[in-house]
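These protein sequence lines map, in sequence, to chains A and B. At position 294 of the first sequence the residue is numbered 294 (the UniProt record's numbering), and the sequence of numbers has no breaks. At position 122 of the second sequence the residue is numbered 122 (the UniProt record's numbering), and the sequence of numbers has no breaks.
It should be emphasised that the hints constitute simulated quantities derived from the structure, not laboratory data. Incorrect hints may appear among the rest.
Stated by the list, open to error - Okay, derived cross-link-like pairs now, DMTMM-like style, lysine to aspartate or glutamate, Cα gap no bigger than 20 Å in a straight line:
1) B/Lys-68 x B/Asp-109
2) A/Lys-48 x A/Glu-110
3) B/Lys-106 x A/Asp-94
4) B/Lys-106 x A/Glu-110
5) A/Lys-106 x B/Asp-223
6) B/Lys-106 x A/Glu-276
7) B/Lys-168 x A/Glu-276
8) B/Lys-106 x A/Glu-33
9) B/Lys-237 x B/Glu-33
10) A/Lys-36 x A/Asp-109
11) B/Lys-168 x A/Asp-209
12) B/Lys-36 x A/Glu-164
13) A/Lys-168 x B/Asp-109
14) A/Lys-106 x B/Asp-231
15) A/Lys-36 x A/Glu-21
16) A/Lys-106 x B/Asp-209
17) A/Lys-106 x A/Asp-96
18) B/Lys-247 x B/Asp-136
19) A/Lys-106 x B/Glu-110
20) A/Lys-264 x A/Asp-209
21) B/Lys-68 x A/Asp-136
22) A/Lys-168 x B/Glu-164
23) A/Lys-68 x B/Asp-96
24) B/Lys-106 x B/Asp-209
25) A/Lys-247 x A/Glu-166
26) B/Lys-15 x B/Glu-33
27) A/Lys-210 x A/Glu-276
28) B/Lys-262 x B/Glu-203
29) B/Lys-106 x B/Asp-96
30) B/Lys-269 x B/Asp-209
31) A/Lys-36 x B/Glu-164
32) A/Lys-48 x A/Asp-295
This structure is a prediction, so every number in the text was calculated from the model and none was measured.
Number of protein chains: 2
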Amino acid sequence: MIVQQELSDFINTNKNLIQQEIQHRLQQLDVPERLKDSMLYSIQAGGKRMRPILLMASHHAYDHDMEKALSAAAALEMIHTYSLIHDDLPAMDDDDLRRGQPTNHKRYDEATAILAGDALLTFSFEHVAGDPRLTDTQKVQLVRLLSEASGPKGMVAGQILDMEAETKAVTLAELETIHTLKTGELFRFAISSGAYLGGATHEQITHLDKFAHYLGVIFQVQDDILDISGDPGKIGKPVGSDEENEKNTYVKLLGLDGAIEKKKEYVIKAKEALHEAKAETSYLMSLTDYFSNRDY
Amino acid sequence: MIVQQELSDFINTNKNLIQQEIQHRLQQLDVPERLKDSMLYSIQAGGKRMRPILLMASHHAYDHDMEKALSAAAALEMIHTYSLIHDDLPAMDDDDLRRGQPTNHKRYDEATAILAGDALLTFSFEHVAGDPRLTDTQKVQLVRLLSEASGPKGMVAGQILDMEAETKAVTLAELETIHTLKTGELFRFAISSGAYLGGATHEQITHLDKFAHYLGVIFQVQDDILDISGDPGKIGKPVGSDEENEKNTYVKLLGLDGAIEKKKEYVIKAKEALHEAKAETSYLMSLTDYFSNRDY
Chain A
1 MIVQQELSDF INTNKNLIQQ EIQHRLQQLD VPERLKDSML YSIQAGGKRM RPILLMASHH
61 AYDHDMEKAL SAAAALEMIH TYSLIHDDLP AMDDDDLRRG QPTNHKRYDE ATAILAGDAL
121 LTFSFEHVAG DPRLTDTQKV QLVRLLSEAS GPKGMVAGQI LDMEAETKAV TLAELETIHT
181 LKTGELFRFA ISSGAYLGGA THEQITHLDK FAHYLGVIFQ VQDDILDISG DPGKIGKPVG
241 SDEENEKNTY VKLLGLDGAI EKKKEYVIKA KEALHEAKAE TSYLMSLTDY FSNRDY
Chain B
1 MIVQQELSDF INTNKNLIQQ EIQHRLQQLD VPERLKDSML YSIQAGGKRM RPILLMASHH
61 AYDHDMEKAL SAAAALEMIH TYSLIHDDLP AMDDDDLRRG QPTNHKRYDE ATAILAGDAL
121 LTFSFEHVAG DPRLTDTQKV QLVRLLSEAS GPKGMVAGQI LDMEAETKAV TLAELETIHT
181 LKTGELFRFA ISSGAYLGGA THEQITHLDK FAHYLGVIFQ VQDDILDISG DPGKIGKPVG
241 SDEENEKNTY VKLLGLDGAI EKKKEYVIKA KEALHEAKAE TSYLMSLTDY FSNRDY
């Protein structure tokens, strides 16, 4: 079992590695200043980097040579960042602030924000395909997994369904489908691509796909719980904003107790899947508890 | 020398092949109806498919097995289509019509248009990376070339510079840089990836890169000439609209005669480059004249 300090060290070390990898590549891009600035602005806005950290943890469960997983982790964070930039646009969620800072289109303008998102999305594939640390077969597999997870069958489908759901009540099954696509697919990419690069077998990756699914739900349920019971200073938004915006949440559909119950149940299922994937002694186990208990 | 009829046949045959390749793959996507509809809507809007046809012609100069080049051609057209969808958005060019039909965000809505563009961009990489007709090395090379041509160093850079140029006068050199990035980079991808898949040598591709550059300029100069001297029924917009919108054009900077002169000069240079690339007997030669003399 990994102790708290070890997990913190793992998270911080990898956060720095990922930050350097992205920063380094974007800084050296010979592109128009305004485009580079707007791409870096959103990358530096300082997310928790949970997705790439999951990727590194999944890789670490099978192989301790972390360098090999860095371009996939950086690409994943670029895709996540692009999706936030486009999500915040006036035509989408119309958000002026993210993590307390002006959103990209507020800091620059809408056209620049659209293009910065397009650029990060496109560059994520360039980054993976140009990584000298990977074989051609690995690059192709990463491009396939990443485009499937983030494209029309994955994240983009989730965003369309999420928009459609805004104007109607959804069932628990529909809510789970939306989250599985919108958030879960990138979680699944994180877990499966990290393990793939680490040499996990096909069977192990099948179990990890299940783990990723459970973890995605745990993440979302905790998000919904924090929205009504969290510390506004920590979660970065007022308590109860989901209810005010009439969002479909697990708490709305199951009640607070029901949501906590569901989370506990999924933590058990997630750990069982890790056990089947022979990755039970890894950081993934600790991260499951961390995701389930996080207060921000 | 290829006669007119042969060229028409080549264009029509390949247009159909490309159409089938894209249509088939998008139709069978298991994604939300609204997303698929909006992606197909813009794909079916019926462009001239010039970029993928160039790719096929470039491939044909070195290899007559056209199947191998189809996924790259389809991906290129998807990227071109995504760029038109995003370009037409209210925050960008704010166009209500394209080729006489409502633009994507007019037919659907802005959010759907943003997501349809994102989806086509992402899916273009999925399509190439999943093509069983290609080796892993070929797939990686295509993903690299395509992401470089369309990303922050390529087309997206051109779009940012084009936006910035709207509010100021530009020099001929600046105008050429904008077009080289915004339009030329996808032309270059078409020519170099087609030749690469056809087995052209590194040296041949270097010459073809020059050819693609000249061809891109020829294309743009002719666009600017048609804007003031074309048939409105054929070009699909009123004559003189560039002048009215105070666009920076070759005609504005060089005068009509100067623009015609420049085009002639570049046709000669383009043909010289083809000669160096040992592709002079190909359809590329005829397409150069076709691009230079087109009336729509």
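Hints, one by one, checked against the model:
Restraint check: the Cα-Cα separation between B/Lys-68 and B/Asp-109 comes to about 36 Å, which exceeds 20 Å; the hinted pair is violated. Distance hint between A/Lys-48 and A/Glu-110 is unfulfilled; the C-alpha atoms sit about 25 Å from each other, more than 20 Å. Only pairs whose Cα atoms come within 20 Å are accepted, and B/Lys-106 paired with A/Asp-94 is accepted, the gap being roughly 19 Å. With a C-alpha separation of about 18 Å, the suggested pair B/Lys-106 and A/Glu-110 falls inside the 20 Å cut-off, and the hint holds.
Of the supplied pair hints, the one linking A/Lys-106 and B/Asp-223 is violated, its CA atoms being roughly 35 Å apart against a limit of 20 Å. Taken as a hint, the B/Lys-106 and A/Glu-276 pair is broken in the structure, with Cα atoms around 50 Å apart against an allowance of 20 Å. For the given pair, B/Lys-168 sits about 63 Å from A/Glu-276 by alpha-carbon distance, which is inconsistent with the 20 Å threshold. Of the pairs offered as hints, the one joining B/Lys-106 and A/Glu-33 is violated, with about 32 Å between alpha carbons and a cut-off of 20 Å exceeded.
Restraint check: the Cα-Cα separation between B/Lys-237 and B/Glu-33 comes to about 32 Å, which exceeds 20 Å; the hinted pair is violated. For the suggested pair A/Lys-36 and A/Asp-109, the alpha carbons sit about 14 Å apart, so the restraint of at most 20 Å is met. For the proposed pair B/Lys-168 and A/Asp-209, the alpha carbon gap of about 53 Å is over 20 Å, so the pair is violated. Of the pairs offered as hints, the one joining B/Lys-36 and A/Glu-164 holds, with about 14 Å between alpha carbons and a cut-off of 20 Å not exceeded.
A distance of roughly 18 Å separates the Cα atoms of A/Lys-168 and B/Asp-109; the hinted pair therefore holds under the 20 Å criterion. Restraint check: the Cα-Cα separation between A/Lys-106 and B/Asp-231 comes to about 42 Å, which exceeds 20 Å; the hinted pair is violated. The suggested pairing of A/Lys-36 with A/Glu-21 holds, with an alpha-carbon distance near 16 Å, which does not exceed 20 Å. Between A/Lys-106 and B/Asp-209 the alpha-carbon distance is near 39 Å, which puts this suggested pair outside the 20 Å criterion.
Between A/Lys-106 and A/Asp-96 the alpha-carbon distance is near 6 Å, which keeps this suggested pair within the 20 Å criterion. Among the hinted pairs, B/Lys-247 with B/Asp-136 is inconsistent with the structure: their alpha-carbon atoms are about 43 Å apart, more than 20 Å. In summary, the hint linking A/Lys-106 to B/Glu-110 is supported, as the alpha carbons are separated by about 18 Å, within the 20 Å threshold. Simply put, A/Lys-264 and A/Asp-209 have alpha-carbon atoms about 19 Å apart, close enough for the 20 Å limit, and the pair holds.
About 18 Å separates the Cα atoms of B/Lys-68 and A/Asp-136, which keeps this hinted pair within 20 Å; it holds. Simply put, A/Lys-168 and B/Glu-164 have alpha-carbon atoms about 41 Å apart, too far for the 20 Å limit, and the pair is violated. In summary, the hint linking A/Lys-68 to B/Asp-96 is not supported, as the alpha carbons are separated by about 47 Å, beyond the 20 Å threshold. Restraint check for B/Lys-106 and B/Asp-209: not satisfied, since their Cα atoms lie roughly 37 Å apart, outside the 20 Å limit.
As the CA atoms of A/Lys-247 and A/Glu-166 are separated by approximately 7 Å, the hinted pair is consistent with the 20 Å bound. For the suggested pair B/Lys-15 and B/Glu-33, the alpha carbons sit about 26 Å apart, so the restraint of at most 20 Å is broken. Between the alpha carbons of A/Lys-210 and A/Glu-276 the distance comes to roughly 10 Å, so the proposed pair stays at or under 20 Å and holds. Using a Cα cut-off of 20 Å, the hinted pair B/Lys-262 and B/Glu-203 is violated, with the two alpha carbons roughly 27 Å apart.
Among the hinted pairs, B/Lys-106 with B/Asp-96 is consistent with the structure: their alpha-carbon atoms are about 6 Å apart, no more than 20 Å. At roughly 12 Å between alpha-carbon atoms, B/Lys-269 and B/Asp-209 fall within 20 Å of each other, so this suggested pair holds. This hinted pair checks out: A/Lys-36 and B/Glu-164 have alpha carbons roughly 14 Å apart, not beyond 20 Å. At most 20 Å may separate the alpha-carbon atoms for a hinted pair to count; A/Lys-48 and A/Asp-295 meet this at roughly 12 Å.
In this structure, the hints that do not hold are numbers 1, 2, 5, 6, 7, 8, 9, 11, 14, 16, 18, 22, 23, 24, 26 and 28, in rising order.
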